[in-house]
Structures are given as structure tokens and as C-alpha cells.
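Protein chains in written order, with numbering that gives the first Met the number 0: chain A, 0 to 264; chain B, 0 to 355.
Keep in mind that the hints were calculated from the coordinates and are not lab data. Since we're looking at a predicted model, the values are computed, not measured. Quick reminder that beta carbons are idealized off the backbone N, C-alpha and C, glycines included. Keep in mind that the hints are not guaranteed to be accurate.
Claimed, not checked - Here are some chain A residues the structure puts well away from chain B; computed CB gaps all over 12 Å:
{"#": "1", "residue": "Arg127"}
{"#": "2", "residue": "Pro150"}
{"#": "3", "residue": "Glu163"}
{"#": "4", "residue": "Glu177"}
Claimed, not checked - Cut-off 25 Å, straight-line C-alpha distance, at most; resulting in silico cross-link-like pairs (BS3-like, lysine-lysine):
{"#": "5", "chain 1": "A", "residue 1": "Lys258", "chain 2": "A", "residue 2": "Lys243"}
{"#": "6", "chain 1": "A", "residue 1": "Lys243", "chain 2": "B", "residue 2": "Lys341"}
{"#": "7", "chain 1": "B", "residue 1": "Lys134", "chain 2": "A", "residue 2": "Lys258"}
{"#": "8", "chain 1": "B", "residue 1": "Lys341", "chain 2": "A", "residue 2": "Lys242"}
{"#": "9", "chain 1": "A", "residue 1": "Lys258", "chain 2": "B", "residue 2": "Lys100"}
{"#": "10", "chain 1": "B", "residue 1": "Lys96", "chain 2": "A", "residue 2": "Lys258"}
{"#": "11", "chain 1": "A", "residue 1": "Lys85", "chain 2": "B", "residue 2": "Lys117"}
{"#": "12", "chain 1": "A", "residue 1": "Lys68", "chain 2": "B", "residue 2": "Lys341"}
{"#": "13", "chain 1": "A", "residue 1": "Lys85", "chain 2": "B", "residue 2": "Lys57"}
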Amino acid sequence: MASFKDTLKDAVRQLSFKTSLDSLKKKGVQQVSVLGLDRIISLIEAAVHRSLKSRLVGIEREAVADATKAEFLRLLRSNEDLQRQKSEVEEARERAEDEIDTLRRELTQNNQALQLKLEQDALALATRYEGENAEIAKKVAAVVAGLAQTPGATATTVEQRLMELVMDVVSGERQSAEEARRALHDREVDNLQRRIKKLNDNLAATEQRLQQVAALKDVEGGISSVYREVQGLATGDAQVGKKKELMGEIFKANLKLQKKDKPGA
Amino acid sequence: MSDSKQGDGPKKDHGVLYIGMDLGTSRTSVSASNGVRETVYSMVGYPKDVVSQKLLKKDVLFGKEALEKRLSLKLYKPLEKGVLKYSGDGSMDAEAKANLKAAQDLIGEAIRLAKPRKDELVYCVIGAPAEASVKNREAIIEAARAHVDSVMLCSEPFSVAYGLDWLEDVLVIDIGAGTTDLCRMHGTMPEEADQVMFDIAGDAVDAELSRRIEQTCPGAQFTIHMVKDIKERWGFVGEASERCMVDLPVDGKPTPFDLTEQIRSACSILVEPIVKGIHKLVASFDPEFQTRLKNRVLLAGGGSMVKGLDSAVEKAMKERLGSGKVIRIEEPIYGGANGALKIAHDMPADFWEQLR
Chain A
0 MASFKDTLKD AVRQLSFKTS LDSLKKKGVQ QVSVLGLDRI ISLIEAAVHR
50 SLKSRLVGIE REAVADATKA EFLRLLRSNE DLQRQKSEVE EARERAEDEI
100 DTLRRELTQN NQALQLKLEQ DALALATRYE GENAEIAKKV AAVVAGLAQT
150 PGATATTVEQ RLMELVMDVV SGERQSAEEA RRALHDREVD NLQRRIKKLN
200 DNLAATEQRL QQVAALKDVE GGISSVYREV QGLATGDAQV GKKKELMGEI
250 FKANLKLQKK DKPGA
Chain B
0 MSDSKQGDGP KKDHGVLYIG MDLGTSRTSV SASNGVRETV YSMVGYPKDV
50 VSQKLLKKDV LFGKEALEKR LSLKLYKPLE KGVLKYSGDG SMDAEAKANL
100 KAAQDLIGEA IRLAKPRKDE LVYCVIGAPA EASVKNREAI IEAARAHVDS
150 VMLCSEPFSV AYGLDWLEDV LVIDIGAGTT DLCRMHGTMP EEADQVMFDI
200 AGDAVDAELS RRIEQTCPGA QFTIHMVKDI KERWGFVGEA SERCMVDLPV
250 DGKPTPFDLT EQIRSACSIL VEPIVKGIHK LVASFDPEFQ TRLKNRVLLA
300 GGGSMVKGLD SAVEKAMKER LGSGKVIRIE EPIYGGANGA LKIAHDMPAD
350 FWEQLR
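The shape of chain A in the complex, shown without the other chains (with noise of 0.2 Å):
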């Protein structure tokens, strides 16, 4: 009987609430009445004893109030259950969302960062393009001013014939190494978009669960029932044959209704 006095104050409590002398006075609240928990659990059991007392005698009292305590208790046990399924489901959803925030902030830094060095590379060609062409020519009008000092030749002609060997040549190796740079700078962006693909279908599969999740919050529990088996009547009713009567008519009305006294139904 202690520990379901015990359970009585525990629940007792869970329902109470903290409040603070300071918010009361602010409330204007000057006095307060105060009523101890074992006063209250004395109240409640006198309460049931006195409505069972009123209501039923001897060992049948007895039996009721073990039933209603035995009752009590599961009700209780069955509230907590639900109450750690509520919170296990919460934190199923809150870690589901976290799990996506963290996916959602990647995809965009591997976005940001696929862009910034596409940037980098178009603007890193060209410059190179434009350092070398630099370098060619010049090195060209060095070669240029060496023969034009030589006598029996055109400048004119010498250079071209010059600039067509250079170029021809340079043409061939920019291709070359065009091609190098190319196959590297494919099998970066090839990486990169591997992981953004993967990146969204994590996020996918993440959202899926969150929804199952937030669909599974949705369906309410519900509340038991206080009874385990079909009761039918109480053999101890003062009007237990009338009404047996009455429940066979009333079944009867409803089996015709339901179809269900055809033979074979």
C-alpha cells in the first residue's frame, strides 16, 4: 500500500506546478493556504473509501478498492509509456531535422565551392594564355632584330616565316597541354558533382524519414479503455433477467438490420 501512496504523491507532484513568493505578490496574492501532499492522498483514499463504503460491503469493497488501485497503477505505467514513445518520437524528429540542416549547409558549401573554382580556373587560363603570347612575341622581335642586321634578308619576310615556325609550334603544345588540364580539371568537377548527387539523395532519403516520422507523431496514441475483456452483465444487477431480454431484443433488431441471420452469412 506504501508504494501506491508513494505512486499517488509522485502523480500528485507531476501535476503540481512551481510558482515563486515573488510572482504571487506580484499577483497581489498577500496570504496563501497551504494543505500538505499526505493530506491530500489522505483525502483522495477517504474520498474513495467513503463513495465505495456508501456503495458496497465488506470483502466486495475490498476487492473493488484493490482493483481501482490496481487500475490506477497501469493507468499511470500506460501514461508514461506514452509520454517516453512522445518524447522518443520528438527526438527521433529532432534529430531527422538536424541531420537535414547539417546535409542542406554541405550541399551549399560544395555548390559555393564548385563555382568559386570554376571562376578560378577560367580566370587562371586566360591569364595564362596572355603571359605566354607575351613571351613568344617578344622572343620573336629579339630573333626579328638579329637578322635584320644580317645583310640579303627581309625583315619583313623573316619574321613571318618566324612567327609561322613559332606559333605552329606553340599551337601544338598549347593543345597538348589544353588537353592535360582539361582531363584534370574534369575529374575534379566529376568528383565534385558525385558528392552533390550524393549529397541529394541523403537529403532525399532524410526528408522520407522525417515525414514517416511526423506522420507517426500524428496519430495520437489514444486512451485505454478500463476494460481488458467484454464485461456483459453483472450477474449481481437487481434487473439483470429484464435486461437480458432487452439486450436479446436489441441484438436481434441488429442482426436483421446487418443481414447477418441469413443462413450461411
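Use these hints to put chain B onto chain A, whose structure you have.
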């Protein structure tokens, strides 16, 4: 729910939930063996278009919520004069079909309000008007079966009397919105001769009050819903305990009106037909038990909350029948549902099984 279907749903080994339901024209109430008691106005609303649906974020609204958002909804009151607005024959039009769907959704919502657990057997008894047609009853059964394991219907006044354990020599007056039902109980299931029904009930009082306000309060603006609220707050017959001062808008400005006389007159229309019905049922009863019957008159249903109605009926009975004792039941809104719950509880297990 057949055996073959049992494997599809959750395993039901946790317990048995009984639900008693009072399916009424104005309100639908449920009482369940898990302690839940709920009532909802018998109104169902569906969004008028895609815009309303997006705004309301729901496909269907019920009760007060539907009434409050009625401008965005196609609003249905699926019951009229105590029965479904549904003829049940092949010729029913689109409106009748929509009302049938609304009734089915309303029954589903009422059962959801009882908060059944998925792992419990749910057995439901629905109090339906005695005059409901077979097709009407079948429609109610069909709607409920989608949500429960087994369902039965019973006469509404009978369930009120059963809930109070008054099974013999008692006369139940159930004042609903659409109809007032009188039923004589004498230990067996009531037959046609034991029942009287007429349509002077809550809605008729609202219409009468509305007419009187219109005549006596020039410029007052109101709707039938406002009139219903006024009746529920102030409704009385006999001596007024206080003046009924009600604010009604006139040209957009709330203006106080004294509606005491209008309310008294409108509510008084209930008394005469009730006394006539009592007279008929008493006069055709076994003379040996007539006095006992007159002294055991139960007043139930939402309309019984009109203040002074029990005394007014009692007074009229004394004048016309020599004596009479009228008792207003403790919980007019839940009287039918509580009785249906008790019937569900007392029904033997094999009866429930056979109807699954």
C-alpha cells in the same frame, strides 16, 4: 471486421473500448469507457475551392470550427428532424449524396473524438431516432463500421431510460433540435404505440424567437446561429429570474435589447405539444399503472435545458391529468450517449462477436 481482415490491422489484445453515441440534429455526443466525453455540433464543412483548402489546411472541418469558417466552406447539417437527409433510393441527387458523405464523416469524427487506441476492440452503440428508415439506419451502420469493430443501433429515448436504470413505467421526453420524442417504457422494447414524435423542438423555438425579434426589434441584425446562442444562454419558460438583456447590432453598432418576453414566448411553444403527447401516452396505458407513469416523466435532450420547462410541464399535467412529476436528467447533453454506453457495456460478448 472479419477474421480475414484482422491480420491486416494492429493486433487487438489490449482491451475493449465501449462507445455510446447520441447522433443528434444539432449535436453529436460520445461517451466512452476510457472516460472521454465529447460533443460536437452536427455540422460538416468542406472547402469551397482550392484557395480555401490551402488557407484552411484541411479537407473537412467539423462542429464549431466549421461554423466559424462557414464563409470559406460548403456547410452541411447532415441530419434534419432527427434523421439523415438521405432517402436511400436510387434517385438521390447530388445534394443528398453530399449529405450522406457529411453524415459518414461526422460519425467518423465522433468516434475519433473518443480517442480509441489502435490495439483495442471498439464496440459502439449509437442512439438513433426511432423514426429513422431502414436505409437511414443502414447508412449510419455503414459509416460507423469503417471506424469500429462492431456497432449496434438503439432507440434514443430508450437509451436515456436505460442509462438511468428506469426500465418500467417511465415516460421519456427527449427534446432535440429537429424533433421531440416521447417514449413510454414498460419493461420491454418500446413499440410504435409507445412513441410519439413531433417536430416542435429546438429548431422550431429558434425560428419562433427569430420571428419575434424581427417583429419587435426594428433594425436589429442577427442570424439564426446568433438566435440559437441567445436561446441556449437565456432560454426559459414561466417566471423570469432576470431580464434578458442582449446586444444586437443595429447599423453595425451593438445595441442592447430586452428580449425577456420574446424568449419566454418562443420557448413556451414546447409545452403544449409535450403535454398533449404525455396525455396520449398516459391515457392509452394500463389504467392500473397510469399514476405511476405520470409520476415518472424524464426530461432529456438539449431542449430540456430551457429553464422552468420541467415545472411548466408538471403544472400543465396537474391541470389536465390531475397529477404529474417531471424530472430533468442531470446531463441533458450526454444522457443519450451515457445510456448507449451502458447498453454497450451490458451487451454479451457473443452478440458483439456475431455482428463483427
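These are the hints, each one checked on the structure:
1. Its beta-carbon lying about 56 Å from the closest one in chain B, arginine 127 of chain A satisfies the requirement of being farther than 12 Å from that chain.
2. Its beta-carbon lying about 92 Å from the closest one in chain B, proline 150 of chain A satisfies the requirement of being farther than 12 Å from that chain.
3. No beta-carbon of chain B comes within 12 Å of the beta-carbon of glutamate 163 of chain A; the shortest separation is about 71 Å.
4. For glutamate 177 of chain A, the non-interface assignment is confirmed: its Cβ lies about 54 Å from the closest Cβ of chain B, beyond the 12 Å cut-off.
5. Between lysine 258 of chain A and lysine 243 of chain A, the direct Cα distance comes to roughly 22 Å. Compliance with the 25 Å bound is thereby established for this hinted pair.
6. The straight-line distance between the Cα atoms of lysine 243 of chain A and lysine 341 of chain B is roughly 13 Å, inside the 25 Å bound, and the hint therefore holds.
7. This hinted pair checks out: lysine 134 of chain B and lysine 258 of chain A have alpha carbons roughly 13 Å apart, not beyond 25 Å.
8. Distance check on the hinted pair: lysine 341 of chain B and lysine 242 of chain A sit about 11 Å apart at the alpha-carbon level, within 25 Å; holds.
9. With a C-alpha separation of about 22 Å, the suggested pair lysine 258 of chain A and lysine 100 of chain B falls inside the 25 Å cut-off, and the hint holds.
10. Note on lysine 96 of chain B and lysine 258 of chain A: the hinted pairing holds, with a Cα-Cα distance of about 23 Å set against a maximum of 25 Å.
11. Taking the CA atoms of lysine 85 of chain A and lysine 117 of chain B, the gap is about 16 Å. The hint holds against a cut of 25 Å.
12. A hinted pair counts as satisfied when its Cα atoms are at most 25 Å apart, and lysine 68 of chain A with lysine 341 of chain B qualifies at roughly 23 Å.
13. Taken as a hint, the lysine 85 of chain A and lysine 57 of chain B pair is honoured in the structure, with Cα atoms around 24 Å apart against an allowance of 25 Å.
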